[in-house]
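Novice: Each chain, written out:
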Amino acid sequence: MEKPGHYLTAMRAAAPLVQNITNYVSMNVMANVMLAAGASPAMAHAREEAAEFAEIAQALTINIGTPDSDCGDAMAAAAQATGRLGKPWVFDPVAAGATRFRVTLADKLLPLKPTIIRGNASEIMALAGQSGAGRGADAGDPVAAAQDAARALATQYGSVVAVTGPVDFVTDGTQSYGIANGEAIMPKVTALGCALTGVVAAFAVDQPPLAATVAALAYYGTAGEIAAEVCQGPGSFQMHFLDALYNLTPEQLDSTAKITAI
Amino acid sequence: MEKPGHYLTAMRAAAPLVQNITNYVSMNVMANVMLAAGASPAMAHAREEAAEFAEIAQALTINIGTPDSDCGDAMAAAAQATGRLGKPWVFDPVAAGATRFRVTLADKLLPLKPTIIRGNASEIMALAGQSGAGRGADAGDPVAAAQDAARALATQYGSVVAVTGPVDFVTDGTQSYGIANGEAIMPKVTALGCALTGVVAAFAVDQPPLAATVAALAYYGTAGEIAAEVCQGPGSFQMHFLDALYNLTPEQLDSTAKITAI
Amino acid sequence: MEKPGHYLTAMRAAAPLVQNITNYVSMNVMANVMLAAGASPAMAHAREEAAEFAEIAQALTINIGTPDSDCGDAMAAAAQATGRLGKPWVFDPVAAGATRFRVTLADKLLPLKPTIIRGNASEIMALAGQSGAGRGADAGDPVAAAQDAARALATQYGSVVAVTGPVDFVTDGTQSYGIANGEAIMPKVTALGCALTGVVAAFAVDQPPLAATVAALAYYGTAGEIAAEVCQGPGSFQMHFLDALYNLTPEQLDSTAKITAI
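Protein sequence lines, in the order shown, are assigned to chains B, P and F.
Oh and the first sequence: position 9 is 8 in numbering that gives the first Met the number 0, straight run, nothing missing.
Oh and the second sequence: position 159 is 158 in numbering that gives the first Met the number 0, straight run, nothing missing.
Oh and the third sequence: position 212 is 211 in numbering that gives the first Met the number 0, straight run, nothing missing.
Quick caveat, the hints were computed from the structure, so don't treat them as lab data.
A quick note: this is a predicted structure, and the numbers were derived from the prediction, not measured.
The reader is advised that the hints may include incorrect statements.
Identical chains blur together in the list; that is why a pair holds if it fits in one copy or across any two.
Straight-line distance between alpha carbons at most 25 Å, and here's what the computed DMTMM-like set of lysine to aspartate or glutamate pairs gives [said to hold, decoys possible]:
1) LYS2 to ASP106
2) LYS187 to GLU224
3) LYS112 to GLU182
4) LYS187 to GLU250
5) LYS187 to GLU228
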């Protein structure tokens, strides 16, 4: 695995077009975060065009944060099209275990073998059939509690699984890494987890999924640390965070990343 | 009624999970405002899960700002489930009188007896069957013009009714209060009224609805005053407002609240 | 044609109510941009009320950024109602050529003769049946490449056509103008193009479409220049941009506008 700055440089050079089927709360933030990072986001979720869009996009993200009856089909169609074309797709199982509707949706998408799955501890545990202490989109469980669930999911679906929290955990079922970047204020801004999923997808275009995910998390967490140092609350944090994503250099990232093989 | 800081302290200690069925314009702002205040927002509006979500949430808000044909049923189902469980729900009748579609929707929801109704003067007058001078989501009528309508609605549906504007008016049909906090620039940022509805719901969890509403409005208006003092326009206002919601202490609130029994 | 400050003054005095049927990514930004500029935005897109809303609004915008099956009918109904009432409507053909679904939607709306069409070079070329190098919502083509397409569309549909980019191009098929205001960082904030469409519509209420469009673009670009001078990235740009839209005076605009007859 190269240093994270290597993957950031490549992502920015590619400026990949990433199709996002996401929830209404996060659409705008996700687009702004991805633009600031250097990617090119496209929010295309209609049943009529989701699969067709997969042909022009270089990666796909699917987020079940505010699902409705229609979008399950669009999600599955887009995931299948993307997978068939050999492009990466990232699954974000927001509040996966909260309602039967979401459980059913997740059960429909997982067999399509996401390249990467990114969620908080409670969501990853719910996907693996474990009942945790999650509540809505909040993680009620520590990252450590979800490590076995993450490894099991990774092995079952051939995915890289990222459990994000104070110290992130990333695994492909065999190799695992911890990433200790990030700040406590980040969950006080809505949809930053969803937006991270888009950044992970952008890093994963033409780059190995495990290394790309680790690098994306270190990059995101570092931008959070820079913003937290100068902010005065969640309003100014959000502004400084976008600026930091935009201005952070690969060299800076290499010197701040806290990545450990586990 | 205690001082408003009392209810703010209790709300933050509870960090209540509030389900919001709201419009697409306000979803993100509402979530950020509620997070900054100390609550835990969940945006769950699908027909398939709205009612089920009501079981895990501690309060519900319903906003008809960008309705579509499906969401009326989800709204009614969630309101019924929440009411049956004895949890508070808050109705936000955005642009209630603007189109026949919204009038029909409001007529369907009011008989489900919202715990609290929060709107501007024109919206409250429209709910009470009075034709005012409202235009879209803008209030065309002064708060004072809606006091009788507010009292009538409160009596008819057993609700607390809040008319927000330069000086807010809150009534349960018997007791009434005026809250003189807030700033003229607030309507220049979209969805701050919608977001307030979420804060009111968070305050109303396990607290008496009338006092909780009054405290929430004083808290919100005070944060607006703090932000207005340092902002240079609506862009920086929004940032400072979120920071102020996050940083405002109960003691500070008690000293700045302008609450009068009417 | 008067100086642009003339049209800004009139727009602010009228504070026109503009109905917007737009995509979910841009709704919030568009509303905030329009409020900061001095207009009164209303986001009403339901099939059930889109046409009825056209009666109370003074202008309409239609944006196909995140279309779904339902909204095509709502768009057409609203456009027809607005046109019949002699009010202006502005068409924003986001990513027009990206999928068959969008091509079909655009083909349905163009014959309803938009007062103004605003898009980037690739979108305008796609509308005119030319295949450019666009990718999602990004322009892959320079503004100059779309001038003939813009003139052809303007003539065919009796519309004013605005191609926005580093130097904007506006034409009614006969007269054409270039507007050289704006900043390179603007495409790094999502939905600023969509939001501009709303500002154009506000300017076009009771003002000649060609002059109103030219003035709106100069106003928007100047606000971008002011914000770019003090920002430190796309996060702070967005904040300063809203403040600049709010604070920019007609006199200031007249002195900064870079408008050339072509």
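Novice: Hint compliance check: list the failing hint numbers for this structure, sorted ascending.
Specialist: 1, 3
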